[in-house]
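Peer 1: Letter by letter, the chains look like this.
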Amino acid sequence: MNPQTIVLYDGSFDGFLCCVFEVYAKRITAPIIRKTHQSNNQLFTVTEQILTKENKAQRVWKALKNKTTKTEQNNIFKAFLSEIKGVENTLLNYICHVFNSDYSKKSIDFSNKDILKISQVAKMVGREKHRMEAFVRFQLTQDNIYISTVAPDFNVLPLIIHHFKDRYADQKWLIYDTKRKYGIYYNLNRVDIITFENTAAIDQQMVKNKCGDEEIDFQKLWSTYYKSVTIKSRKNDRLHRQHIPKRYWKYLTEKYTI
Amino acid sequence: MSFERINEKLTILADAAKYDVSCASSGGKRANPNKGLGNTTAMGICHSYTEDGRCVSLLKILLTNHCIYDCAYCITRKSNDIKRAAFKIQEVVDLTMNFYRRNYIEGLFLSSGIFKNSDYTMERLISVAKKLRLEENFNGYIHLKSIPGASDELMRQAGLYADRLSVNIEIPTISGLKLLAPDKKHDDFIKPMKKVRNEIIQYKNERKIIKNTPRYAPAGQSTQMIIGATGETDRDIMYSATYYYKKYNMRRVYYSGYIPVLEDNRLPALETEVPILRENRLYQTDWLLRFYGFSVAELLNDSHKNLDLDIDPKLSWALRNLHLFPVDVNKADKRLLARIPGIGIQSVYKIIQARIYRNLDWTHLKAIGIALNRAQYFITCSSKDFYKKDLTPLSIKNKILKSSNTKYKKHFNQQLSLFS
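Chains as they are written, first to last, in numbering that gives the first Met the number 0: chain A, 0 to 257; chain B, 0 to 419.
Calculated directly from the structure, the hints in this document are not laboratory data. Treat the numbers as computed from the prediction; the structure is a model and nothing was measured. Do not rely on the hints blindly, as some may be mistaken.
[To be verified] Keeping only pairs whose Cα atoms sit at most 20 Å apart, straight-line, the calculated SDA-like set for lysine to any residue is:
no.: 1; chain 1: A; residue 1: 122; chain 2: B; residue 2: 40
no.: 2; chain 1: A; residue 1: 234; chain 2: B; residue 2: 275
no.: 3; chain 1: A; residue 1: 122; chain 2: B; residue 2: 44
[Stated by the list, open to error] Have a look at the derived ranges for each label pair, beta carbon to beta carbon:
no.: 4; chain 1: B; residue 1: 371; chain 2: A; residue 2: 126; range: 17 to 27 Å
no.: 5; chain 1: B; residue 1: 333; chain 2: A; residue 2: 122; range: 54 to 64 Å
no.: 6; chain 1: B; residue 1: 357; chain 2: A; residue 2: 104; range: 30 to 40 Å
no.: 7; chain 1: B; residue 1: 384; chain 2: A; residue 2: 36; range: 43 to 53 Å
no.: 8; chain 1: B; residue 1: 371; chain 2: A; residue 2: 143; range: 53 to 63 Å
No residue lacks a Cβ here, since even glycine has one placed at the ideal position from N, Cα and C.
Full structure from sequences and hints, please.
Peer 2: This is the structure in structure tokens:
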């Protein structure tokens with residue numbers, strides 16, 4: 000019996016595509032794909048460290064592009080960003096399935112459990128992306144930058160760049176992921192990915208301390224508005240929490256009292 | 000701008016606007032071509048939710064709550080003794096821009112009490128939208144209220160700046176309107192609606208020939224009806240709604256359960272509960288009409304004037320038409336699949352794609368996500384195992400009610416016990 004192979008990569012999407020490349024190139028059977036920092040050596044396993052090479056990643060991606068629709072490609076990327084443990088393996092199964100000769104671009108086999116799983120995970124990530132587009136609350140600091148901190152369940156910042164860039168084209172803004180310790184910053188021309196050296200204290204409160212009086216006034220006006228639009232005789236807490244689960248309240252100006 | 004004063008106005012004028020249920024920011028598309036502020040996507044975004052569970056997507060306010068009319072159902076009616084206020088045009092523009100920049104909202108929903116006359120009011124609404132579009136380079140969503148009786152020329156202008164226009168018909172029947180809003184004429188509501196419809200049709204025709212015809216109300220128009228203020232049946236309401244969908248190409252008709260705000264012997268008493276469950280069933284019916292290929296006469300007719308409260312309208316229809324079931328999910332066409340209780344449009348789409356590869360069985364259907372607790376009585380699939388005994392409408396209904404745990408139970412417990 001062959002020992003099981005653990006394939007390790009750097010955590011990037013390109014890195015993952017290289018794993019797919021190597022699995023095919025080296026004919027590795029039943030691999031387990033893991034990020035390098037998650038590795039734990041087990042008895043009777045072989046470990047294979049994959050180096051990220053752009054050209055290999057591109058070859059895999061190009062092959063996928065030929066065989067899949069745009070939606071499926073987006074779903075693969077979204078599912079990858081979920082960072083759910085083991086999602087790489089489900090993705091690998093999915094991709095192997097796509098590379099099988101009888102795979103058809105025209106319809107999706109939702110009765111295959113890997114395909115269904117990927118479409119469901121992609122849906123979850125898509126929802127989180129949409130929530131970020133909704134729940135980001137910018138605060139205008141005295142340096143004239145609109146700043147918001149978030150801590151999304153999945154790594155969705157790469158997915159929301161377009162939305163914010165198109166919409167807020169005439170103001171500088173920064174959205175910072177406190178969980179993953181990086182942010183996206185728009186300088187009126189393009190969006191860059193940025194990191195800070197001291198990441199400990201970055202949150203909405205710390206941003207607020209850098210704001211002027213006018214900003215605080217607008218936050219109060221927004222809270223006033225929010226309170227005024229509730230119809231008391233229709234109060235429905237359950238529905239309310241279903242729409243904005245409590246874990247998002249920390250972002251929302253209208254949910255924490257000023 | 001003085002914070003205290005604005006804060007007070009906002010309290011009064013947001014409070015008065017909240018009875019308009021529409022808060023959609025969807026259905027139109029507007030790009031941000033010259034690096035201005037904002038865009039509108041077809042999907043729309045709910046930025047927050049009120050404690051009653053409704054979406055907050057727009058800054059929804061009245062320009063003023065001064066009003067010359069005295070409609071019984073309306074909180075801002077002339078004879079009601081409440082605080083009155085009015086925004087200046089620039090104040091609304093500043094609030095919209097600043098809320099938008101902070102990602103609080105998708106845009107503005109501006110309505111107003113009627114002061115002086117219809118045209119004067121409509122003109123003020125338009126000038127807010129015009130200022131946002133032309134001076135502030137704002138491409139977010141703008142929803143303006145069409146003021147009943149406003150002139151055609153003003154309605155034409157309104158559509159050039161707004162994404163959506165709406166007139167609230169409020170009372171579904173003409174007789175009800177006479178009773179509750181004696182100074183308003185039905186025709187005054189219809190006039191701006193007609194103009195907007197004609198302009199949209201004209202825009203679509205001209206656009207085919209001249210590419211850069213100025214856009215006209217890209218998100219169409221909508222209306223709202225108050226439910227349960229004048230004793231109309233669900234059938235009256237849905238036939239009215241269908242009429243507006245067909246005749247005026249409405250994008251949406253909203254149903255708003257009557258909230259008793261005023262003491263008036265023409266209206267339900269102040270302590271009457273808001274008919275939330277009935278409202279929900281009406282929306283479900285609305286969806287069945289718009290997306291599931293049902294016709295209104297199938298769901299509501301002379302022998303079935305009101306919707307069941309304890310089960311959804313699709314299940315209710317299926318129980319009245321058991322001769323059409325069971326349906327084989329591996330063979331039935333899209334239209335029929337969409338009519339099975341417990342199967343939604345998303346599931347229909349998944350079933351149709353998946354069954355190309357293999358015949359589906361219960362496990363597949365469950366994984367796809369259909370509501371088997373309802374669907375199982377109406378389908379067969381690739382399995383010998385299916386529900387065959389005891390297929391009477393009443394027994395199926397009781398089985399489903401027993402197995403489901405609805406949050407609405409408290410609303411219909413009493414009614415059920417009448418029959419048991």
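Peer 1: So, for every hint listed, does it hold in this structure?
Peer 2: Hints, verified against the model:
no. : hint                        : in the structure
1   : A/122 <-> B/40              : holds, 19 Å
2   : A/234 <-> B/275             : holds, 11 Å
3   : A/122 <-> B/44              : holds, 17 Å
4   : B/371 <-> A/126: 17 to 27 Å : holds, 24 Å
5   : B/333 <-> A/122: 54 to 64 Å : violated, 21 Å
6   : B/357 <-> A/104: 30 to 40 Å : violated, 18 Å
7   : B/384 <-> A/36: 43 to 53 Å  : holds, 48 Å
8   : B/371 <-> A/143: 53 to 63 Å : holds, 56 Å
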